[in-house]
Amino acid sequence: MMKKGSIQKVVMKNGSQVLQFDVNVLLDEVIVQASIPEVIKQALSGSVTWQQRNETSLARFLAGSSQFPAFILALLVCDAVVQLDGGQGEMDLNNYLLSKKRQQAAALWIPVEVPGRKVAMAKIGLTPAGRGIVIAAAGLLIEDGTVNGARLALSGVWPNKHWLSTAADKLVAAPLSEDSIQAVVQALQEEVDPPSDYLGSAAYRRAMAGVLSRQVLEACG
Amino acid sequence: MTNITFELNGETCQVQADGNEKLLDFLRGLSLTSVKCGCREGDCGMCTVLLDGLPVRSCMLTAEAAQGHQITTLEGLAHNGELHPLQEAFIETDGVQCGFCTPAQILSAKALLDRNSSPTDDEVREALSGVLCRCTGFVQIVEGVQRAAAVLRGEDPGDVDLLRKVLPEDLARIDIPEDHIRRRGERSILKPILFTPANTPPTNVVGRPERKVDGRKLVMGKPAFTDDFSRPGMLYGAVLTSPHAHARIRKIDATKAEALRGVHCVLTYKDLPRVKYTSAGQSYPQLTPYDQVSLDNKVRHVGDRVAVVAAETRKLAQKALRLIDVEYELLPAILDARDAMKEGAAVIHDEDDTEAIADARHNLVHRLQAAVGDVEEALQDAELVVEGVYHTPKQHHAQMEHHLCMSYWDEDERLVVVSATQVPFHVRRIIAPLIGLPVKKIRVIKPRIGGGFGGKQDMLLEDLCALLTIKTGKPVNLEYSRRQEFTSGRTRHVFDIHYTAGVKGDELLALDLYVLADTGAYGAHGLTVPMAGGFKGLTLYNAPNSRFLCDVVYTNTAPAGAFRGYGSMQCMFALEVLMEEVAEKLGIDVVEFKRKNLIKAGEPMLLAAQMGEGTEGIPQTMDTSGHEACIAAGMKAMDYEAKRKAFRNQTGRYRKGIGMAAVFHGSGLAGLDMGACTLKINDDGSFNMTIGATDIGTGSDTILGQMAAEVLGIPLDDLIIYSSDTDFTPFDVGAYASSTTYVSGGAVRKAALEVRRQVQVHAAKMLDIADPESLVLKDRKVIAPNGEYVTMGEVALSSLHQMDQHQIMATASNVSHKSPPPTAAQFVEVTVDMETGEVTVDRMLMAVDCGRVINTRTAAGQVTGGMAQALGFARSEETVHNDQGRVLNARFGDYHIFKANELPVMDVIFVETNDPSGPFGAKSISELTIDGVAPALVNAVHNAAGIWVRELPLKPERVWQALQDKVG
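Chains L and X are the protein sequences, given in the same order. Heads up, the first sequence is in the working numbering, so the first residue is 917 and it goes up one at a time. Heads up, the second sequence is in the working numbering, so the first residue is 21 and it goes up one at a time.
These are computed hints drawn from the structure, not numbers from a lab. Take these hints with a grain of salt, some might be off.
[Unchecked claim] One-sided excerpt, in silico: chain X residues whose CB lies under 8 Å from chain L: (1) 904; (2) 908; (3) 909.
[Claimed, not checked] For each label pair, taking beta carbons as the anchor points, the in silico distance ranges come out as: (4) X:456 to L:1112: 48 to 54 Å; (5) L:1008 to X:338: 40 to 46 Å; (6) L:922 to X:143: 22 to 28 Å; (7) X:908 to L:928: 45 to 51 Å; (8) X:178 to L:1112: 48 to 54 Å; (9) L:1112 to X:33: 49 to 55 Å; (10) X:304 to L:1112: 47 to 53 Å; (11) X:90 to L:922: 17 to 23 Å.
[As the list claims (entries may be wrong)] Chain X residues, not near chain L, derived (Cβ > 10 Å throughout): (12) 134; (13) 138; (14) 275; (15) 659.
Quick caveat: nothing in here was measured; it's all calculated off a predicted structure. For every residue, glycine included, the Cβ atom is placed at its ideal position computed from N, Cα and C.
Isolated chain L, as found in the complex (with noise of 0.2 Å):
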């Protein structure tokens, strides 16, 4: 855990900045970087504890990363890519984490600043800083009023593994509006199949799928 990562900015070609992270690189750091997506920020304080971010590197993260699903939300909406090892290539970070084998990872690119992109995130837990009970991130690429990229990622609202709903895809190739967040905050409910616990029934988990999945569609409109 303790070897030091580096970390690079890299611009694309569409203007767009990249933040690549070589694995070893710790949480706090991650954190602490000034151009970091605000959602990121969020998902990595308050239920996340200091010394988490300092015992975890992106690494052991994404080998076994179900204590911060938050984070993972974060990094879904905010379409971070996950470089592999020994020249492998690229792999989308959903894909990478649902592989039934993870190869070595070798670096996590996270994009920072992508011209028309709006994220954002909600939660409901216990207590503030509490495990969430839901937690929804969504993350909009919105061109000339037309959405053009939507990911919508949960968590506490599916039994196993699985984070992005496809009910967002109903938002792609329109403009962002009240009918459209309706429409897929409807079909959302159709498409989760929360858990019950003593945190939160799946009744309420269900609905709390929609409140804060409206919630986060409006904070990027």
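The hints should help you fit chain X onto chain L, whose structure is shown.
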């Protein structure tokens, strides 16, 4: 073994270590006792150290992680005895209560200040959020960090005293500074305000923010807690606990465990005589059924004791536990108190050797009744009758230091038990028959305690630890793991509360209270907790017609025990919500309704004669009450009336609300609690003060010292205070029932007065003064009316060596036949998210009358810490089990207590009264502070959202469901 080279507190360190050993154990093995163990699961942060200047949890890293790095522990901060500014500041602000989390808090703060010399309060809270604290509520810790930051920046941090004001006779003129009203929602920490009546006699040491007498060793992380002490050849014990809620042990075979090399002893029920006891650390005779034996052939809850082993290492002890074969016959379990008395329900205590269970066949431990007036008639006569049914949760103490003890034979073949206990003298008495030794052969030592809150008022491990020492002849260290704390420790009693109030005009005519109390698998505090709750839950309003009925039942859940608030906070919650409901139905102002009906100074407490500590009580009168002043001060500081109006008829997603609760408590157990103190003079005019009173982190050693110092005219620093050791300190019942300040303080004052008399007599001879009483003790001098004086040191040398030689000393005991109630008004302001049910607590303020405030700093810490614990009870904390009785949240990560970055703004106001029976006019404080948050919170939520939530805690879903139900 691996060679590890690293820098430890600035020195190069080369050692051989088991590379897989936890860094925590490795560092403690190097005698770095500041590195505390709170959970071993990465949840509590007690084991925080700095690795290359950054905080990490040493229980989550192996020793190998230190290789090539710089490790800093608290031992590395002070140089040549000079404390780091953070250490100084933590003492000055009383950021140290029990001190168990202090090393980790200070190290986290140091890392922050090294990175950011001017952090905001929120940044400090975020940096500290990885280290739990159950005592302080974090206010004085954050103050400490900011104070140190100022010092490190070269600034003057100012004084640490509170804001002192005179209490006006006309309470409408009570003066709250504008910034304390926080009209714009400011979050900065403000000094508490102290209102003192104009005629209060001046004092020199009492009433001052004196530094805690044990502060220095705690901020330096010196060995002070039970686990910091070791003995040559010490074995490590471990307890095998039941995985089943209710079962009979059909077969138990420890052969394989015993055969394991390095295992010295395994004990099961077959190895021990069947001696009945109750674990409740209470005065003799304990009135609850003796329904336990050290190890039984039946288990009655998940976590019940099955066997115990002693081995050469902790790891080996755990391995041995896994080798014990147990065959259980599973029995039906009762997990809900409402099922316990049903016909045909499983009988939890079917053994034939437990006496004094009211109705064992129906799991009814006690049926309690008391009444004054005629409730039935009064309810018929009432113009309005309001009923309310309320439920309170199974809260866990969550103190940072586990239950643990160490036992050994001393050189005189007496058994010594060092224990993290609140009740050393009771422990000695309780274990004697269990281990087959007379009391005179047992010595119990209480070192510093890492928080108790009532959880350490039970004897949980000392018998087994002692038995292991007796069987092996060796020192043994025995502790519960953090998970066992949740399953085998004690909890708050779950109460189902049914109140009926009858009102005529705006007068409360009748109050009828029924409580169904769940004592869990054993009845330890099952008599006294509900009795205390019922008494206070009826006496706060002292209705002329009051009735109490309570069924206390067994269930197959972890035993309930003593817990700060002791039944009162459950009943206060229900009562203060009920009063709000009544006032609303009457259409009158709730504060006015409460003011009119609250018990007043001079009134008899109608049920006091019937409801004592599990038995008949003593008639008592309410001698003083600060309710009027507390309510007035709190309302002004909260801008209560304006907000109440402004928060009506809100619309939108987020709605604000404000609520109030009036509460009171007691000060010790009238006619039962006894404390004692011995004072003796030393050659230099200093004094040894030995007390049986048990400081569990509240600062009682300090405030008791202040009382003695005040009487003797010396600085606190001239007292060497020691508590408590059954061999060397006089008796005290221990730290419970809010008795220490009032009862033990009374003993200290008496002892000090007698010593003062002896000093005066001797000094009068030295000064050739006829009237010793004319001499004044002040500033370490004994001063005659003519201005001549001798120093205390001269008196000491003269009396010990020269003239009329004798030891100036005195021992005094104190019992009070009163238990004067401290009073308070609690305010809570919230924001309710109408879509999610999430309740954000924006501000809590408590205006407290604890009589005379003895130490303004420690008292303020009691208030903020109490409010923080109460917020957990009200808002989020609950031990949850599945349908097999297994606890689902048996670790801090799942149970979740409020962290530094989650707590709201907390303000404290003191309104002093002068209790005629209390030392210097003092009453108690600690338990009072926990009583009011829950009802004030529920009332605030009602103010915001128009719903009544009568079941705690206010988890988001519970509030959301109530909102859904309201909409229909």
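To see whether the hints hold, each was checked on the structure:
Nearest Cβ of chain L to the Cβ of residue 904 (chain X): about 14 Å, over the 8 Å cut. The hint is violated. Checking residue 908 (chain X) against chain L by beta carbon gives a least distance of about 6 Å; that is within 8 Å, so the hint holds. For residue 909 (chain X), the interface hint holds, the least distance from its beta-carbon to any beta-carbon of chain L being 7 Å, beneath 8 Å. Between residue 456 (chain X) and residue 1112 (chain L) the beta carbon distance is about 51 Å. The supplied range of 48 to 54 Å therefore holds.
The hint said 40 to 46 Å for the Cβ distance between residue 1008 (chain L) and residue 338 (chain X), and at roughly 43 Å that hint holds. In this structure the hint that residue 922 (chain L) and residue 143 (chain X) lie 22 to 28 Å apart at CB holds, the actual value being about 27 Å. Here the CB-CB span from residue 908 (chain X) to residue 928 (chain L) is close to 47 Å, well matched to the stated 45 to 51 Å. Restraint check, residue 178 (chain X) to residue 1112 (chain L): a C-beta distance of roughly 52 Å satisfies the suggested window 48 to 54 Å.
Taking 49 to 55 Å as the suggested C-beta distance range, the pair residue 1112 (chain L) and residue 33 (chain X) conforms, at roughly 51 Å. Between residue 304 (chain X) and residue 1112 (chain L), the C-beta spacing of about 49 Å keeps the proposed range 47 to 53 Å intact. In this structure the supplied range 17 to 23 Å holds for residue 90 (chain X) paired with residue 922 (chain L), their Cβ-Cβ distance being about 21 Å. No Cβ of chain L comes within 10 Å of the Cβ of residue 134 (chain X); the nearest lies about 13 Å off, and the non-interface call holds.
Interface exclusion of residue 138 (chain X) from chain L stands, the closest Cβ pair being 17 Å apart, more than 10 Å. Once the 10 Å rule is applied to beta carbons, residue 275 (chain X) is consistent with being away from chain L; the minimum gap is 39 Å. Against chain L, the non-interface label of residue 659 (chain X) holds: every CB pair exceeds 10 Å, the least being about 24 Å.
Violated hints amount to a single one, hint 1; each of the other numbered hints is respected by the structure.
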